[in-house]
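Enquirer: Residue numbers (the numbering used here), protein chains in the order written: chain A, 1 to 232; chain B, 1001 to 1300.
If you are wondering where the hints come from, they were derived from the structure by calculation, not from laboratory data.
None of the values given here were measured: they were computed from a predicted structure.
One should not assume that every hint holds.
[Said to hold, decoys possible] To give a feel for the contact side, a few chain A residues facing chain B, derived at Cβ under 8 Å:
id, residue
1, Y56
2, K60
3, P78
4, S79
5, V90
6, I98
7, L101
8, W104
[Said to hold, decoys possible] Partner residues are not named here, just some residues of chain A that face chain B (Cβ under 8 Å, in silico):
id, residue
9, S58
10, S62
11, Q82
12, R85
13, R86
14, R96
15, H100
16, E105
17, L109
18, P110
19, V113
20, A114
21, R116
[What the hints assert, rightly or not] To list a few chain A residues with every Cβ distance to chain B over 12 Å, as calculated:
id, residue
22, G15
23, R20
24, G35
25, V210
26, S211
Even glycine gets a Cβ: it sits at the ideal position worked out from N, Cα and C.
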Amino acid sequence: MMPETAPTIDLQRIGLRYGRGPEVLSGVDLRLAPGSFTFLTGASGAGKSSLLKLCYLSLKPSRGLINLFGQDVSTLKPSQLQVLRRRIGVVLQDFRLIDHLSVWENVALPLRVAGRARADYLTDVNELLSWVGLGHRVDALPPTLSGGEKQRCAIARAIIAKPDLLIADEPTGNVDPAIGARLLRLFAEMNRMGATVLIATHDLGLIDEVSARTVHLADGKLGEGLGPLRAA
Amino acid sequence: MTDIPVRTTPPAPQTLLPARPEQGRALLTVLIVMAFLAALALLFSRGADRLSDRWSAQLSQSSTVQILLSDEGAREAQMSTARDILRDTLPEAALTSLSRAQSGALIQPWLGDGDLPPDLPIPGVIRVDSPVALPRETLERRFGEAGLTTVMDDHSRFSGQLERTVERLVLLGLGLLVMIGVAATAVSMFATRAGLSAQRDIIHVLVQAGATDGFIAKLFVGQAAQRGLLGGAVGAALAVMLWAVVSFGPARGTVGWAGLGDGALDAAVLVGLCALFGLICALSAGWAAMRQLAYERRRA
Ligand SMILES: Nc1ncnc2c1ncn2[C@@H]1O[C@H](COP(=O)(O)OP(=O)(O)O)[C@@H](O)[C@H]1O
Ligand SMILES: [Mg+2]
Chain A
1 MMPETAPTID LQRIGLRYGR GPEVLSGVDL RLAPGSFTFL TGASGAGKSS
51 LLKLCYLSLK PSRGLINLFG QDVSTLKPSQ LQVLRRRIGV VLQDFRLIDH
101 LSVWENVALP LRVAGRARAD YLTDVNELLS WVGLGHRVDA LPPTLSGGEK
151 QRCAIARAII AKPDLLIADE PTGNVDPAIG ARLLRLFAEM NRMGATVLIA
201 THDLGLIDEV SARTVHLADG KLGEGLGPLR AA
Chain B
1001 MTDIPVRTTP PAPQTLLPAR PEQGRALLTV LIVMAFLAAL ALLFSRGADR
1051 LSDRWSAQLS QSSTVQILLS DEGAREAQMS TARDILRDTL PEAALTSLSR
1101 AQSGALIQPW LGDGDLPPDL PIPGVIRVDS PVALPRETLE RRFGEAGLTT
1151 VMDDHSRFSG QLERTVERLV LLGLGLLVMI GVAATAVSMF ATRAGLSAQR
1201 DIIHVLVQAG ATDGFIAKLF VGQAAQRGLL GGAVGAALAV MLWAVVSFGP
1251 ARGTVGWAGL GDGALDAAVL VGLCALFGLI CALSAGWAAM RQLAYERRRA
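Just chain B, same shape as in the assembly (with noise of 0.2 Å):
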C-alpha cells in the first residue's frame, strides 16, 4: 500500500444529492409554466394600470363646454365670453365652436338623421383639447362669476369607472400572483418529500455520519432554488417574449396598447419575480424538508 494519490487539491464537492434529469425536467417544465404565466400576470396588470394611466390623462385634457340657451343672440354672447375665459385661463388650449349643424351631429344618435326640427333648441359647444389637465374647477368659477349657463362635460364618470375595471384587474393579476405562488409552494414542497423519499438511502447514510437536519435540508433547498432560479428566468423570458410579440407586433397600435413603454421597470419587476420563485422554491424546500424529517424520526 504504498501508492500516494497525486492529488493536491481537494476535489471540487460533488453535490450529495444525485441529479435526477427525468424528475427535474418534469418538475422544471411546471415550474416554467407557472413562472410563465405569473409574469404573463403581472406584465399585464402593469399594461393595464398604464393604459388607464394614459386614459385617464387624455379624458382629463379635453372637455366641451355647453351653453343651454336657446334664444340665439343670449347664447352668441356667452358663447364668446366662455371662449375668452377659456382663452384667458388656457392660453395653450385649442377651442372649436361647433357650428348648429355639427352639434346637431353629435346628438343625431338619439333623435335619428332626419332633418333638425327649426326650433329645437340646440347648444352652443365649445370643444376644449388641451395639454394639461384642465383645471374644471376654476373654470366653473369663473363661468359662474360671469353669469354663463354652462354646462361643461364630464369626464369623470367614465374615467371612473375606466379606473374602477383596472384596479380590478390588477387586483386580478395580484390575485393570479398569489395562487401562483401557492401553487410553486405546494410543488416544491411535494417535490421535496418525493426527493427525500427517492433519496432514502444516501438521506441514512448522511444521518448514520452525523448530518444534521439543517445540513439535509439545506442539500433540497439549494436543489429548489436552483431549479426554482432557472424555472422563473425561463418562463419569464417566454412571457417577455410574448409581451413583446403583442407589443411590436402586427397588433401593435389597434387596441391602444401600452406595450413596453416602461421596460426598463418591467424588467426589473420581472428579475425580482425569478429571485422570488427561486425563494419561494428554496423556503418550501425547507420547511418540507425539515418537516418529514422530524415526522419520520418520530416514526421511527
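Chain A on its own, in the form it takes in the complex (with noise of 0.2 Å):
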C-alpha cells in the first residue's frame, strides 16, 4: 500500500501529441496533494482539456509518468484502471448526460456501474438531486432540461459515488455567472469533505471566488499563478 501522504495527481516530464501533430503539452509536471483545490488556466487551445483528460485516464501520454492516488497507471490492468475511474468525478463543459435516460437514472449511473443495489442508493440519489435544485426533475429526460439544469445533473453524477478525485472542465462555460457561483460552492464543500478538486477555467470571476492555488499552461508548459491571462 502507498503511503496516505501519496499525491492524488503526480505527472511527471509529460509530453503529448495527437498524431503526427506538434506537441500539445511538452514536460508538464504537476502534484495535486490530497484535498486540494486547484485552477487550471490558459489560454483557449492551450491544452487544458487535454491536460484534464490525461488525469481522468481517458487519454494516454506521448511521454512522462502518470501517477494517480500513488499508482503509475502505465502498470495497471484495464479492470485496476476502471476501479481508479470509479474514484474520479468528471464533469465536462457538454455534460455527456445519456439522453434516454432520466435525471435520476443518470446521476445513479456511476453506482449502477459499481454493481450497488438500488435500494442501497435510493436515499443517496434522492437528496443529491434536491440538494442540486433537481428534486422536481428526477423523471425528467436530459433534452427537455435547461443548460443549468443539465449541469446541474451532471454534476450530481460527478460526485453522488464521493470520488476522491473531482476534475471539471470550464464547468461555467455555458451557464450565468449567478449559477457558476453556486456551482463553485458545490464544488467547495466537496473539496471541504475530502476530495481533491481541478478545474479548469479561465474565467477570472470563479478563480476570485475562492482563494485556491492557480496553474497556468501556454506553450505546452506549466507554470504557477494565473500567468499572462491576468496581464490580459
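The two chains are supplied separately, each in an independent frame; assemble them into the complex guided by the hints.
Expert: Structure, rendered in C-alpha cells:
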C-alpha cells in the first residue's frame, strides 16, 4: 500500500501530441496533494482539456509518467484502471448525459456501474438531487432540461459516488455567473469533505471566488500562478 | 433547494442501451427468417427419419416366398410344406398363394402383356403379410431343413437404400442447422459491433464512470439474448404453422407424410432450438463486445 500522503495526481515530464501534430504538452509536471483545490488556466487551445483528459484517464500521454493515488497507471490492468476511474468524478463542458435515461438514472449511473444494489442508494440519489435543486425533475429526460439543469445533473453524477478526485473542464462555460458561483460552492463543499478538486477555466471571476492554487498552461508548459491571463 | 422528491422505492431500472427500433426490426427479421429455416430443417429431417422408420417397419413385415421348380407336382408339394412352416412360425400372418395367372402378372412388366408361353416355368409364390417383423433367418433355416428350394424376396436392399437416403437427408438437415448457427453467430457479432459504434458516446460515459468490459458486454448480451429468443420463437412458430399446413392440410396422406406424429417431442425440440438460438446470439454478442472493447483500448 502507498502511504496516505501520496499525491492524488502526480504527472512527471508529460509530453502529448495528437498524431503527427506538434506537442500540445511538453515536459509538464503537476502534483496535486490530497484534499487540494486547484484552478488550471490558459488561453483557448493551450491544452487545458488535454491535460485534464490525461488526469481522468481518457487519454494516454506520448511520454512521461502518470501516477494517480500513488499508482503508476501505465502498469495497471484494464480492470484496475476501472477501479481508479470510479474514484474520479468528471464534469465536462458538454455534460455527456445519456439522453434516453431519466435524470435520476443518469445521476445513479456510477453506483449502478459499480454494482451497488438499487435499494442501497435510493436515498443518496434522492438527497443529492434535491441538494442540487433537481428534486422536481427526477423523471425528466436530459433533452428537456435547461442548460443549468443539465449542468447540475452532470455535477450530481460526478459526485454521487463521493469521488476522491473531482475534475471539471470549464464547468461555468455555458451558464450565467449566478449559477457559476453556486456551482463553485458545490465544488468547495466537496473539497471541504476531502475531495481533491481540479478545475480548468479561464473565468477569472470564478477564480476570485475562492482562494486556491492556480496553475497556467502556455506553449505546452505548466507554470504556477495565473500567467499571462491576468495581465491580458 | 428544499424540494424533496416523493420517491421511496427506486424506479425500475432503465436499460442503459437505448432501444433502436429501426435497426432492431431489421435485425429481428433476419433472425426470424434464420430461425424459421433452422426449424424447418429440423422438422423435415426428423420427419424424414420417422417416415423411413415407418417404411422400413412395413417392409420388414411383408415378403414373398418363391418356389423355383418347373415340375408342377413337386412345386405344389413344396408350396404346401412352405405354407405349413410359415403358419407354424407366424400364426398371425396372412398367407396368400398366388395362382399361375397372378404370378404371371407379376412378371408381365418384363415379358410384355402377351399370353405367357405354356411351358414357361412360373415359380410358385406365397405372399406373407405379418403384423410383426418377419424372422427371416429362422424361416430360411427351416425351409432349408425341410429341403425346400425357396427364395425369399428380400426388401433389405431397398430398405437399405431408403435408410441411406434418409441418413443423408438428416445429415443435410444438420448441416443446414450448423450453417444457420454460424450465420446467426456472424449476424449477432456484426450487430454488436454496430451497436458498440452507434452507442460510442454512451460507452464512453460508462467507461468513464468505471464500467468494466464485462459490464458493458453484458448489456449487449442481454439485448442479443432477448432478440435471439424472440426471433427463435417467432421463426419456429412460423415453421410449425407451415409444417401443420403440410401435415394436416389437403396434402395430408398423399405422399405418406409422417406429419406431426411425434408432436410433443417435436415441440420440445423446437423450444430447445429457440433456447439455442438465444444462447448463440448472446454468446456471440458477448464475445464480439469483449473483443471490440479490448481492440479499441489497444488502438487508443
Ligand atoms: N482530439 C484531438 N485531435 C487533434 N488535435 C487536438 C485534439 N484535441 C485537442 N487538439 C489540439 O490540441 C490543442 C489543445 O487543445 P485543448 O486541450 O482542447 O485546449 P484547451 O482546452 O486549452 O482549449 C489544440 O491545438 C487542439 O487543436
Ligand atoms: Mg478545453
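Enquirer: Does each hint fit the structure? Answer for all of them.
Expert: Hint-by-hint comparison with the structure:
Because the closest C-beta pair between A/Y56 and chain B is about 7 Å apart, less than 8 Å, the hint holds. Given the 8 Å rule on beta carbons, the hint for A/K60 holds: about 7 Å separates it from the nearest Cβ of chain B. Of the supplied interface hints, the one on A/P78 holds, with its beta-carbon coming within about 6 Å of a beta-carbon of chain B, less than 8 Å. Residue-level restraint check for A/S79 holds (minimum Cβ-Cβ distance to chain B is 6 Å; threshold 8 Å).
Contact between A/V90 and chain B, as hinted, is supported at the beta carbon level, the nearest pair being about 6 Å apart and thus within 8 Å. Proximity of A/I98 to chain B holds as hinted, the smallest CB-CB distance being about 6 Å (cut-off 8 Å). Hint status for A/L101: holds, given a least beta-carbon distance of 5 Å to chain B, under 8 Å. A hinted interface residue such as A/W104 counts as satisfied when its beta carbon comes closer than 8 Å to some beta carbon of chain B; here the least separation is about 6 Å, so the hint holds.
Residue-level restraint check for A/S58 holds (minimum Cβ-Cβ distance to chain B is 7 Å; threshold 8 Å). For the restraint placing A/S62 at the interface with chain B, the shortest Cβ-Cβ distance is roughly 13 Å, beyond the 8 Å limit, so the hint is violated. Restraint check, A/Q82 versus chain B: the minimum CB separation of about 5 Å is within 8 Å; hint holds. The restraint placing A/R85 at the interface with chain B holds, with a minimum CB-CB distance near 4 Å, inside the 8 Å limit.
Because the closest C-beta pair between A/R86 and chain B is about 3 Å apart, less than 8 Å, the hint holds. Against a cut-off of 8 Å between C-beta atoms, the interface hint on A/R96 holds, since the closest Cβ of chain B lies about 5 Å away. Satisfaction of the interface hint for A/H100 is found here, the shortest Cβ-Cβ separation to chain B being roughly 4 Å, below the 8 Å cut-off. A distance limit of 8 Å between C-beta atoms decides the matter here; for A/E105 the minimum to chain B is near 5 Å, and the interface restraint holds.
Among the interface hints, the one on A/L109 holds; its C-beta lies about 5 Å from the nearest C-beta in chain B, closer than the 8 Å criterion. Evaluation of the A/P110 hint against chain B yields a held restraint, the C-beta minimum of about 4 Å falling below 8 Å. Residue-level restraint check for A/V113 holds (minimum Cβ-Cβ distance to chain B is 4 Å; threshold 8 Å). Given the 8 Å rule on beta carbons, the hint for A/A114 holds: about 6 Å separates it from the nearest Cβ of chain B.
With a cut of 8 Å, the hint placing A/R116 at the interface with chain B is violated, because the nearest CB-to-CB distance is about 11 Å. The Cβ of A/G15 sits about 17 Å from the closest Cβ of chain B, beyond the 12 Å cut-off, so the non-interface label holds. For A/R20, the requirement that its beta carbon stay farther than 12 Å from each beta carbon of chain B is met, with the minimum near 16 Å. For A/G35, the shortest C-beta to C-beta distance to chain B comes to about 22 Å, beyond the 12 Å cut-off, and the non-interface label holds.
With 12 Å as the threshold on Cβ separation, the claim that A/V210 sits away from chain B holds: the shortest Cβ distance comes to roughly 20 Å. No beta-carbon of chain B is positioned within 12 Å of the beta-carbon of A/S211; the least distance is around 25 Å.
Hint compliance for this structure: hints 10 and 21 are broken, all remaining hints hold.
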